[in-house]
Amino acid sequence: MDLRGVAVKRAAGAFALMFALAAGSAGAQTPPPTLVFDGQLLVIVDRYLVVSSGDALHLAADAQFTGIAPKPGRFVRVTIDPRTHDVVAISVAAHAYAGGKSVTEIPRDLVAVDPRSARKSGSIAAAGSGQIVQVTIVVAVPANTPTGDVVYFTSDRSNFSVAETRMDQIDALHWSLTLPLLEGTTLRYKFSRGSYTATERDRAGADVPSRSLVARAGVKTNDVVLRWADLR
Amino acid sequence: MARAVFIVVALLFALAGPAHAAAANIDIRGDEVDFFSDRLLIAARASTLEVPGRVHVRADEIRYDLRNGKIVGAGHVHVRLPGASVEAAAFAVDLRSGTAYALHVDPLPDTLKIAHFTLAGAVHEAAPPDVFSLGDVNGLRPWIRGKHAVVTEDVGVRFAPAEFPTGSGITVPSPHYLFIYASNPNYASNPLPAASFDQPYALVTGPHSADLAHFRFDTQNSATLAFDHHLVFGENTYAVASIAAINRPARTMSLSFSQKMGTKYNQKLTSTFNTYNTGFNAPLSASQSTNYLISRALRQSYVQISLTQSHNNLLARPRNGQFYGDPGHGWDPRHAFSAEIQWNGYDVKLRNGWAYHLSSAFGYDHDAFGVIPSANDPVPYNTIWHHGAGLNVQSPLFKYRDASFQAIIEQDEKWYSYPHRVDQTTLRATASRRLNKAINLIATYSLQNQLDDYHARQSVFFKPPKLPYLAPDGTPWPGYRAYAGATTNREYRLDAYYTPSAYFNFTAGFTHTHDFPQFGGSGRPPYSASFDIRMRPLPNIGMEIGRSYYFNWNRQTWSPQWTFAVSP
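Quick note, the sequences are listed as chains A and B, same order. Residue numbering for the first sequence follows my numbering, starting at 1 and increasing by one per position. Residue numbering for the second sequence follows my numbering, starting at 1001 and increasing by one per position.
Because the hints were derived from the structure by calculation, they are not lab data. Incorrect hints may have been included.
[To be verified] Coverage of chain B stretches by chain A, computed from C-beta distances (three or more under 8 Å per stretch; other residues unrestricted):
id, stretch
1, 1064–1076
2, 1297–1306
3, 1386–1395
4, 1438–1445
Here a beta-carbon is modelled for each residue, glycine too, at the ideal position from N, C-alpha and C.
One chain only, chain A, in its complex shape (with noise of 0.2 Å):
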């Protein structure tokens, strides 16, 4: 059993809270701000409240609990005394807190963490944020795409069904669709003129492996169909 890591932490704190009081005859010092971090949770075990980004943060003795009951899953703004380094107030939500810090944003030194599996320090990034972002396709088709066919789109969401979602018309050789989708959402994706028969070929008339994207706000493919695989 090593607390050592803990222990000298709190020791620091300790000494910091004792020099500033000590220091202190000039004026009445105000004490730091707490620090506020938003995140979801992961689990609560002992004194220690998890976080889905795998930190853990020690519990003062007399945090308080605010909101739904915390569950995993359940998401989570949690205040952090900067001195004692302690969540002293938990606040509960079956969604995101919006308009916070992230939970990724946490100094390193306020994690409670075994030594030997501490992570070193630097930005970390954050993970797909749970929105709906909007996804642009546009598809340059080939000019000899007959009048008055309809170019469809067609994904894993379907099981590639060959006319999911018909797309519009934007000129002579451009179809694009505006797409909702959860942020962080890979898509795997093809094209087709709704029919077996008529879905989109490689120059020499085999088979196209499906395009992937991953999903985020302002993302607009330019895709090109090569060839359709009834036509030359």
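Fit chain B to the supplied structure of chain A, relying on the hints for placement.
Chain B in isolation, oriented as in the chain A frame:
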């Protein structure tokens, strides 16, 4: 013939190359197991998840990301690995890499990295920041709910039984439901004929297979059932066997095989059988057509060889020598064989943006009963050769502010060793104009002229009909006598797209056709209008509805059917 097709397919599979490693069947049980189709995510409470031979997880909450093959368990986690077990506060595993992280507090929060599902050799190491992400499904309605799900990795998820929660608190039960989410499109490709409506229902999946029933509707057969069986070996090789209109006398059975062989070669075999029989009675007609296609890509073109064997009737000669049952099932002994080699050039782009490509073909048709119908020529021509050439020229897309213009012209000629020539010219011109962010107009003119020229025997192949000749709507049509093998199709079309947002689109189209021949229900309607509405009442559900209006052509005002589709 069927045996020969089977042998060929078996040989082709033998050449298909090594198969992928078999996907596992992953068993999930819990007080509540929810499936979110838009996220391809399973969320289970008070549950267990077992990957045979690899890992067994029990936890208060389990999340399984089907697309990425990642599992997260949180709350009183017990993990059983081959030869060892772990208690943890949270556990995450990537099924594809075999890397797992177990987070426990003893007494400090500590993370163990476990490689290849083996506890021996685990190291203390921080997990990447998104490893324990549980996703956000709070307050969302799952598409399927149950207590037991079985996932065929990378293919599909099956609930038995299943419930479909609706927004009104009512759940729709089903004894079984299978959702195929494979990113490989070959689990869905099928040669079923086009239908106005086709709803697939997955029955069974395996690591390399999928069986689906289809509920279909088309104007000719009304409501029908179809079935297809898929075999998939990676992205390059697949086979599909299907039967359409199971519940109708006229059935179509198809067998397709497709294989991409490296970067240059591609082969396809397609065999179609059409039969007409009621119940288990002997068929009144049976025909088949089998086509084998192999292509080889060259640097700026490709070469393709096509072989087709057809049997107009697989049945023995009937006693009366003409038909089985009734004259509607006439007996035709012809069984043509066709072979053709094509050369098709890729687009050659010119400096000013114009492009062209060339094509050519050479082949023959053979039939022991004669390629030309005896009514048209009593001389039995058993083999007729042909050769052809084509040219396609495309303009660039000219743009000016919010408008654009593009045109294409194609010319195809085909000559036969019999006095016969087919000549086809096609011209298409398209202009577009965006009025504002939401409204876009597309105007198209197309012209196609085709001549089927039998030279001195033209009047034999296109014999003027005896008068009075009636059009399909019953109107006398003396003008049809002018038809002697030359057709003209002209189309003027205007489409308007109104797309104010990603959640709504309205399209209106107006078409005028001026063809020959065209009269009284024969040919395309001279005037037609269509509308189509596409909307998303919810982010993960799209709906489309449409119809056409024919302005009393062949006694039709509105088109016989609506088009309706629901999409994810």
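Cross-check of the supplied hints:
1. 1064–1076: holds (count 4)
2. 1297–1306: holds (count 3)
3. 1386–1395: holds (count 3)
4. 1438–1445: holds (count 3)
In this structure, none of the earlier numbered hints is contradicted; all agree with it.
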